[in-house]
Amino acid sequence: MYTRQAAEVVGSKVWEAAEEAIVTLKHGLGLGGFMVAMATISIGCMARLAPAAEGPPAFESGYASAIVQPEGISLFKGDSAVLTDADIARILSFSFTVRPQNRLAVMTLGRASLWSEEYAKGQADNARAFMDRLKAAHAVREVAELPMLLVPEKQTVPYLREAGARFQADLLLVHQSRVRTFSKYRTLGKDEVKALCTVEAILLDVRTGIIPYTTSDSETISAKRGENDLNFEETVAKATVEAMGKAMNAVADNMATFLDSHADK
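Under the numbering used here, the residues of the sequence shown are numbered 170 to 434, in order.
Any given hint could turn out to be false.
To be verified - BS3-like, lysine-lysine: derived pairs with alpha carbons at most 27 Å apart:
| hint | residue 1 | residue 2 |
| --- | --- | --- |
| 1 | K415 | K393 |
| 2 | K363 | K393 |
| 3 | K246 | K363 |
| 4 | K290 | K393 |
| 5 | K304 | K290 |
| 6 | K393 | K304 |
| 7 | K246 | K304 |
| 8 | K363 | K415 |
As the list claims (entries may be wrong) - Between beta-carbon pairs, the in silico distance windows are:
| hint | residue 1 | residue 2 | range |
| --- | --- | --- | --- |
| 9 | F265 | E314 | 33 to 41 Å |
| 10 | D294 | S249 | 42 to 50 Å |
| 11 | T426 | L278 | 21 to 29 Å |
| 12 | G241 | A313 | 15 to 23 Å |
| 13 | A255 | R349 | 28 to 36 Å |
| 14 | D433 | D294 | 15 to 23 Å |
| 15 | A305 | S264 | 20 to 28 Å |
Note that these hints are calculated values from the structure, not bench results.
All residues carry an ideal CB built from backbone N, CA and C; glycine is no exception.
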């Protein structure tokens, strides 16, 4: 498209051609030549007076501007089948406060195989210490393990919430332990083992379905076969129990601290 400067150049050239036509008319070319001259002058005027075209160059593509998505509205229609946008907005705006005198139910995901009597005793000691630390929280009135008969087959949040409600628990603590043992390392001797245990826990508010707190801890224990160990498997079991106990104690401390710091005062 022509710019203003280009239009002025074209207009000046047209005026020159028009002036030549008028001179020719004076020398007797007649009415036809005069009409051609006037038409040329008119075109020159239009070219000189026409404003310069503005806007993007002709080669630019005409993509539409990006659509602005309203805040708080999902871009995916299928999301509303689980939670609507209004539900999500209400959940995110909810401020959780720990009520006083809560009944806390504890549920363990997965069951560890009992390798030996020593291992079973160690597991029982870990569970007892875990529960005692939770009982020390001022916001907790009672701590009880969720009976196995109430553990839902589908261990998802809605079913866990239902189990907690049937047990009349205000809060449900769900924890899981993962253990890995290593015995073939260059830094380890023939009868040495290293156990790595990770414990994860979530806190579920049974009334609202909110999970206000999660925590985890990992502990590593190295052990060497002792004189009283019947075999190397018992050495591994002892290291596993010790690592799991340390991780569970750390998780219980974190959970109790959260409960007391968010208690309704």
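Q.
Under the constraints set out in the numbered hints, which ones does this structure not fulfil?
A. Failing hints, ascending: 3, 6, 7, 9, 12, 13, 14.
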